[in-house]
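Residue strings, one per chain:
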Amino acid sequence: MMYGGLYSNPVPRFITLTTDFGLQDAFVGAMRGVILTIAPQARIIDITHEIRAHRIADAAYALASAVPFFPPECIHVCVVDPGVGSGRRPIAAAVGETLFVAPDNGVISLALEALQAATGASRHAVHLDNPQYWLARVSNTFHGRDIFAPVAAHLANGVPLQVLGPPLDRLVTLGHPPPESMPGGRLQGHIVYVDRFGNLLTDIAQAALARADPQSIRIEVGGSTLVGLNRSYADVEQGDLLALISSNWHLEVAMREGDAARALQVRVGDPVIVSGLDPAHREARK
Amino acid sequence: MMYGGLYSNPVPRFITLTTDFGLQDAFVGAMRGVILTIAPQARIIDITHEIRAHRIADAAYALASAVPFFPPECIHVCVVDPGVGSGRRPIAAAVGETLFVAPDNGVISLALEALQAATGASRHAVHLDNPQYWLARVSNTFHGRDIFAPVAAHLANGVPLQVLGPPLDRLVTLGHPPPESMPGGRLQGHIVYVDRFGNLLTDIAQAALARADPQSIRIEVGGSTLVGLNRSYADVEQGDLLALISSNWHLEVAMREGDAARALQVRVGDPVIVSGLDPAHREARK
Amino acid sequence: MMYGGLYSNPVPRFITLTTDFGLQDAFVGAMRGVILTIAPQARIIDITHEIRAHRIADAAYALASAVPFFPPECIHVCVVDPGVGSGRRPIAAAVGETLFVAPDNGVISLALEALQAATGASRHAVHLDNPQYWLARVSNTFHGRDIFAPVAAHLANGVPLQVLGPPLDRLVTLGHPPPESMPGGRLQGHIVYVDRFGNLLTDIAQAALARADPQSIRIEVGGSTLVGLNRSYADVEQGDLLALISSNWHLEVAMREGDAARALQVRVGDPVIVSGLDPAHREARK
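Chains as they are written, first to last, in my numbering: chain S, 1 to 286; chain P, 1 to 286; chain U, 1 to 286.
For the record, the hints were derived by calculation from the structure and aren't laboratory data.
The beta-carbon is built from N, C-alpha and C at its ideal position, and this holds for glycine as well.
Treat the hints with care, since some could be wrong.
Label-pair distances were calculated between CB atoms; the ranges are [claimed, not checked]:
| id | chain 1 | residue 1 | chain 2 | residue 2 | range |
| --- | --- | --- | --- | --- | --- |
| 1 | S | P131 | U | L174 | 32 to 38 Å |
| 2 | P | P68 | U | T173 | 35 to 41 Å |
| 3 | P | Q162 | S | A207 | 37 to 43 Å |
| 4 | S | A136 | U | V163 | 34 to 40 Å |
| 5 | S | A136 | U | H124 | 24 to 30 Å |
| 6 | S | A263 | P | H176 | 28 to 34 Å |
| 7 | U | Q265 | P | P183 | 51 to 57 Å |
Just chain S, same shape as in the assembly (with noise of 0.2 Å):
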């Protein structure tokens, strides 16, 4: 099999970048210098530099609320990488046209689950070993820039997947545990991101209060307890607690113009538990 006869055309491309490297330092900026040298071409779009240092499931969950919005025809770059020069793979994966560079810890299983299931694309994924597409010089603390980076700007420039390494069936996965049914009907999720105003977004989907009446469902957390679903923070008072559905459809608590996260104290991982799921269950039982 010849060489040149595996590239595609050069087209366009699109590269996402998510990462926790922070916009104070020069991370990102040598990141974006070693993709536009060698695809000077591809346009870099941002999705966040702000994830909290080392915090995987945040980046994870944050790329996968922004991957079904983009293109299909991008490439997503996220690097959050505690495990960096250890023994981690780095790899790459495609779903359908849509291609991943990440360490295999994990960051970028929530996207690659959430586009498998909206597109029902098949997976592929290698292990990035050939370091003919890396800088030629790697260092032992910022893969992003000399792996990840040169990896996904010749992938831009129609390298194919199969050509950057050996092909991997299994990848790390996050391993949450999914929201859990409880005695009389309630379903207990957990808190799974709290974003830059202190809203708690949890794992718990909005089909799963379909039958509930948003009057009376009763929402748990924290210590407090939140009963009917609102519909916009505008719903209530300045300050007041709320529940409603998120912008990526899962129940959500939130304060009004507030922090709902600080005043009730919560983090990422604590219960939510729901109530007043199924009213005709509780009719029955009476």
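Chains P and U: place on chain S using the hints.
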């Protein structure tokens, strides 16, 4: 009238973004994805995403101070939207070739005024009520992604303003009181913005100080009185307070390589009183 | 000499930005607008805008660590400018094809040195004193917008360096002392940068450690002594301090998933002393 005939030829357009979404979550990333899905040729330029949460007046000031420096053929999207999901209207507006997309809460009012004053062009606005130009599924908490981003992208594709919704005559304005003349030839204005360095920007225009003697003009703010206008920060010693003309040609109070807002314990809305504005008048009074 | 003859053909060019303006105000937005008004084809790439206010040395370090990873045909604009409006000179400089625009306060000095060392190209510089390439109205507090951004945009349009002002032979440098040999074969360097993770970057090059035994080398910093060089953060336990080679090939002191600067209570300028650099020498002394 044929629908297609309304389209101008698609041209490369800049879309600027000004929000309070911050850069730590994927909110801005999702907006970028929506824009590039609909209008892949659009070039997205950030003004700022770090407007303090829900501070409409801060966003209005920031936007108005940047817009005059952009090319006319821009689409400025500004989303500081504490009323999202409530009755406040989503709008688009045009001043000459320049377009705006925002909630109708005053956030674009200062920029509209600035552009109208600079160009003499008239203003047109519409109420965004045509869901054909929104995402298929609209959340109640993230119209930046679901309404404002897609509308901006469609405008970048040449969709004319008038198909987005019915015309609107009156838009919400901020209702800031203008500076006020006081007994003794004094002028009372206000701090209208505090920048990241702690510099105090006021609503007192350079023109109002035109007849003053720069050596003897007196500025009272936060219980301190400054005498004289300096030319630049470097005119005083490190840590000294000074008054000068800001980069948008208004009175500014600053501390060299320090934080005037913190030193004076003042904030937006606090009064700034200027005296010695008219030496001739003062002489005459004697 | 005909003016027009000086122009090279306009080519798409990258303009990078490094400032301490932060991202919460519209300063950077206004600079972007100015550039795109003059040179709409230019592609603006951020290195960082979160340099701590007025910290020229931090900016110099950040710029020098990113510039080598960019394509040569870039214009690097760096504005950390506490002397704005004073006598300090605005300058532009060239090393080979790479251009710089900045105040003459040392902020580009490390990047110029790095590029000259890497390419062997000579350096040319001019004093920006030709207002034809500035905004029509120049403030005393925001030369980033009024002088540096328009000059960079004109350079991106093919305006040659020499029409921007007269040549300058000497530029301001930072005057950092190099690491110093001490009795007993020890070497004293300094912390030159602290990154967002709290990692301590020093001025002690990897080459200076070449003959040391990686197991027995001793690093003293902030009252603590580390023994041995590690390969990557993952070599030690969470919360442990370690010494390793940084991604720009100098000695670095870090704490795994922690903040070494906070733990050791050290900052830029503090000494770092290395001993055990030459085992042969030590043997001979015995």
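Results for each hint:
1. In this structure the supplied range 32 to 38 Å holds for P131 of chain S paired with L174 of chain U, their Cβ-Cβ distance being about 36 Å.
2. Under the hint 35 to 41 Å, the C-beta atoms of P68 of chain P and T173 of chain U, about 37 Å apart, fit the expected range.
3. In this structure the supplied range 37 to 43 Å holds for Q162 of chain P paired with A207 of chain S, their Cβ-Cβ distance being about 39 Å.
4. In this structure the hint that A136 of chain S and V163 of chain U lie 34 to 40 Å apart at CB holds, the actual value being about 38 Å.
5. A C-beta distance of roughly 29 Å is found between A136 of chain S and H124 of chain U, which places it inside the suggested range of 24 to 30 Å.
6. At about 31 Å, the beta-carbon gap between A263 of chain S and H176 of chain P stays in the expected band of 28 to 34 Å.
7. The hint said 51 to 57 Å for the Cβ distance between Q265 of chain U and P183 of chain P, and at roughly 55 Å that hint holds.
Every hint from the earlier list agrees with this structure, and none is contradicted.
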